[in-house]
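Novice: Produce the complete structure using the sequences and hints provided.
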Amino acid sequence: MPCDCTVNVVAISFNHDPLSSTADALNVRRNFKDTIPVPEWTAGKTLPEESPAAYAIAETSGQTITIKAKFTFSSANCSQAEVRADGGGILGAIAPQTVTFSGPVSAPEFVPMPLHRQIITNGGIRVEDIAWNWQYRCSGEESWRPIETTHHRIYVVLERPKRPWQQQPFPNNQNPWTDALEYACVWACGKTTRDDAAAAITERVNGNLGLTYDVVSGAPHYVSTDGVFELTRFLDYLKTGVGFGNIVGCTDCAAIVTTFSNLVGCDLHASRMAREVVGNDDPIGFFLTPIKAIGQPGFGCPNWGCSFRFHEVGWTGGADDDDPLFDACVVVNGGSDPWAPPYTALLPVEIVFSTNPGAPLPLSVPYTAHSYKERLGANDAAGIGSCQPIGPWGNSRNGRRLVR
Amino acid sequence: MTEREGSVKASYRFAEWAGRTKEVHRDIRHFVINSNDLEKYTLQEHEDLPPSDRQRRIVRYIFNPADEDARRRLIATVFECHSVRDAHETLIEVVAHYMAPYLPRCETKGLEVGDICFGGHGPVSINVIFARFNILIELKSTSLDGPEVDELARGIDFLIVNWPPPF
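Just so you know, the sequences run in chain order A and B.
Residue 1 is where the first sequence starts when you use our numbering, and the numbers rise one by one after that.
Residue 1001 is where the second sequence starts when you use our numbering, and the numbers rise one by one after that.
In case anyone wonders, no lab produced these hints; they're calculated from the structure.
None of the values given here were measured: they were computed from a predicted structure.
Don't take every hint at face value.
Stated by the list, open to error - Below are the DSBU-like pairs computed for lysine-lysine, each with C-alpha atoms no more than 30 Å apart in a straight line:
{"#": "1", "chain 1": "B", "residue 1": "Lys1040", "chain 2": "A", "residue 2": "Lys292"}
{"#": "2", "chain 1": "B", "residue 1": "Lys1040", "chain 2": "A", "residue 2": "Lys239"}
{"#": "3", "chain 1": "A", "residue 1": "Lys239", "chain 2": "A", "residue 2": "Lys162"}
{"#": "4", "chain 1": "A", "residue 1": "Lys33", "chain 2": "A", "residue 2": "Lys239"}
Specialist: Here it is as structure tokens:
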């Protein structure tokens, strides 16, 4: 005689092991202020964004990922039922599994359920809303009965996010924010390598967010004097157009590119270039060739003229001459004569700082190297010759600014 | 002082004005801006920021002109420093983070506030930084189209000058 029973799913935990990011979801939070309670889904939640989870491709590759689900049960004559879930998108359907009950609750309370059909590693960075259609059948039954459909938002990043983002301790306000993943996973959607992801984010920051360069002073607007990136304010700008407004300096652009890229697994840091200082001399920085600053209509120079006291970008490696960088603040002239019209727009993504830092100046044309500082600086000792890597700001946590 | 800080001081001619302003010993304490202090501005928010060794307190205020869209904001950061000298040193630390090698003195742009004041380059006044006594004020607009900062700068400077004793 078949068992007669009723099963309900009441909670689903994605990040069930905060010490691991290989077999379950990453440690994340909503934003600076708000945590995301685990289990992420509980009965009554109907919107996918109410039940978020994030996975890292590199760390989960080849691993068996599990969720843990809690069920309730009622029956007069049995203590087991089979449970499964159709759908699931990138997390896949959940195969039929026998669940044992101790009284009205599953035993163990949270039942491990392997995601054998997940395809997290296929397709690169993304954000996807998934739905599981949960079903059950009591012992001896042939047909499945519906429980309910649960909705979840799944973020996929390349690797465990790099600093400033951190997995431990948890919870901590520097754990990855889903409010920021919401943008980063769209900006870098489909990218499968660090460089491609950072390039996509740089392109988005430069061209699609309505940001415009601070032509009157080059001041930072989203990085405070304590060296912290005001990400909450910047997210408000992205969401509502308010925040601290659309004016940015290079420090802001470097912080934005670094923070969002590292959130999806890149390893950038914000670092500077400037004229080497000797004693208390009076450097005016280094001279520029005409550039197209973020949000500006064409090539030219800031209101103060063709020079920067310093410039800051998202940089890889040790921020040396041969390390590629990503600059959302400035478009340079990519033509064969970077120091004269016509101007060929080149957004500096994955471009080394200098392919030949010791070359005698002025450089000759045609100049064809895919090299950054030669396309940024004036073609003389006060320009290219005065633009040297000088490392990150002292209060910037090695160029990986804390977020607030 | 690092060589780089020294070079910033050189380009701002720090030695000509640092610690040499009027009432150099005046020490304003517990300076705050209340919501009804500046009648032409609505105070939307304020928050404390972590001070460094040179400051007792840093407070960031967000205003918008009372008769304008609330999205048009002005950000005022108030550094209450331990001394006039610390305010001047803080000014240098702040402008060292600006990409412009040098900012023009405010009086060249028709703005007379503070003991020492620098503004942005260009016809629209969207950025100003000034020190009055031991208080440093950094004002930024949130759009290149304004609102402009001059009138708010004058209002805050007036509040500092008239801050009641004891200092």
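Novice: For each hint, tell me whether it holds in the structure or not.
Specialist: Status of the hints after comparison with the structure:
1. B:Lys1040 x A:Lys292: Roughly 37 Å between the alpha carbons, so the hint for Lys1040 of chain B and Lys292 of chain A is violated.
2. B:Lys1040 x A:Lys239: Cα-Cα ~28 Å, so holds.
3. A:Lys239 x A:Lys162: Holds - the C-alpha atoms of Lys162 of chain A and Lys239 of chain A are around 24 Å apart, at most 30 Å.
4. A:Lys33 x A:Lys239: Satisfied, since the Cα-Cα distance of roughly 17 Å is no more than 30 Å.
Figure legend: structure checked against the earlier numbered hints; the only hint not met is number 1.
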